[in-house]
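Colleague: In case you want the letters, here they are:
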Amino acid sequence: MAVTVQTLDTLAPGQKAVVKDLAVEGLERRRLMDLGILPGTVIEPELKSPLGDPTAYLVRGTLIALRREQARHIHVVPLEEEQDEH
Amino acid sequence: MNTDAVMPKAACATCSLAQNARLIKLGIETGGWDYVVALAGNPNTGKSTVFNAVTGLRQHTGNWPGKTVTRAEGGFIYDGKRYKLVDLPGTYSLLSTSVDEEIARDFILFGQPHVTVVVVDATRLERNLNLVLQILEITDRVVVCLNLMDEAERHGIKVDDRALARDLGVPVVPTVARRGEGIPELLAAIAQVASGEYATRPHRIRHLDPEVGQAVERLTREIEKTFKGLPNARWVAMRLLEGDERIIEAVRKHELGELAPAAEMASTMQPALETA
Ligand SMILES: Nc1nc2c(ncn2[C@@H]2O[C@H](COP(=O)(O)OP(=O)(O)OP(=O)(O)O)[C@@H](O)[C@H]2O)c(=O)[nH]1
Ligand SMILES: [Mg+2]
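Chains as they are written, first to last, in this note's numbering: chain A, 1 to 86; chain B, 1 to 276.
In short, the hints are calculated from the structure, not lab data.
Think of the CB as a built atom: it goes at the ideal place given N, C-alpha and C, for glycine as much as any other residue.
Just to be clear, a hint being listed does not mean it is correct.
Beta-carbon label-pair distances, calculated as ranges [stated by the list, open to error]:
id, chain 1, residue 1, chain 2, residue 2, range
1, B, 206, A, 61, 39 to 45 Å
2, B, 180, A, 29, 37 to 43 Å
3, B, 229, A, 68, 41 to 47 Å
4, B, 163, A, 67, 25 to 31 Å
5, B, 248, A, 67, 20 to 26 Å
6, B, 81, A, 46, 22 to 28 Å
7, A, 46, B, 228, 31 to 37 Å
8, B, 197, A, 50, 42 to 48 Å
9, B, 206, A, 29, 20 to 26 Å
Reference excerpt, derived from the structure (chain B facing chain A, CB under 10 Å, subset only) [unchecked claim]:
id, residue
10, 95
11, 111
12, 244
13, 251
14, 253
15, 254
16, 255
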């Protein structure tokens with residue numbers, strides 16, 4: 001079965017996923033990495049702000065707020081699917 | 001907790017009698033200091049709690065709205081030396097900062113503290129070490145305060161602070177700041193690093209290829225010529241080569257030398273969103 005890569009902004013709350021790729025360059029990429037978001041990192045949407053942007057994600061034990069514009073560039077694979085693969 | 005290896009002189013620091021004799025809290029009194037000490041670290045690691053324990057002040061602590069968005073200053077005397085302690089907002093990085101993180105970054109880089117204490121969360125060490133390594137790149141006067149050791153213990157997390165101190169090349173002091181545990185040892189480590197008695201050997205990542213290295217050196221010399229007395233010109237050179245817009249702008253407008261005072265102005269700004 002092929003794994004479905006989706007972007008982080010499309011992940012449902014509570015759905016854990018693994019980061020596959022950061023499709024962004026330069027300082028924006030560095031910012032994500034400084035927030036602890038790298039390929040292989042487990043990430044989970046926790047809460048949306050009233051207007052749905054930004055969203056708070058659980059990353060390495062800390063809630064990190066990301067704007068949709070940032071989340072759009074983060075490619076993830078939902079965790080169950082990744083486990084099914086093996 | 002094994003701290004004796006890192007701080008041979010602190011053996012008696014834990015007895016409260018000795019501590020009372022060695023520490024005098026000065027509150028907001030910061031004049032005539034011998035040393036300036038910065039308190040840096042990720043958000044919510046206990047920086048303000050350490051600050052309060054040492055100065056006797058009541059900086060707001062806790063989760064938002066306890067979040068520090070401006071820098072606070074306080075004083076203390078330890079072993080007869082006067083210290084000015086600067087409590088900074090939490091930051092994840094020196095490289096890609098959000099607006100309120102810039103206050104912390106500018107002070108760490110350009111405020112020329114004699115010692116930078118990085119307060120880290122023992123339960124989230126991996127995340128916290130990113131900032132530690134970035135700070136070790138720019139200064140060798142660093143003490144790591146390994147805080148929230150009670151939480152770590154509660155979660156069954158054991159941290160080998162001696163191995164960490166060896167690998168990082170700077171003192172690592174386990175603390176439970178909320179209960180004042182480890183604060184005497186922390187003060188002893190700060191004093192030893194400030195005086196140079198403890199010679200640190202900071203872990204640094206050397207990965208530049210020769211061509212980039214030469215470009216950095218050349219640019220560093222130019223920056224030093226243009227901004228006389230600016231600390232961390234090499235760091236600025238790296239950011240320019242990376243194309244960091246805000247640093248480029250600061251150089252273009254000749255504002256680099258004023259970055260530390262600029263942080264003071266920014267302190268009136270409202271708390272932005274936690275990150276990003
Ligand atoms: N359990 C435990 N809690 C602590 C300890 N140190 C601090 N805290 C608590 O952690 C919370 C955050 O502490 P602060 O001192 O405000 O943290 P900070 O690093 O100044 O936070 P920012 O300024 O937002 O970056 C507070 O509720 C403190 O009481 C500790 O050693 N153990
Ligand atoms: Mg604080």
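Colleague: Tell me the hint numbers this structure goes against, listed in increasing order.
Modeller: 1, 4, 6, 7, 8, 11, 13, 14, 15 and 16
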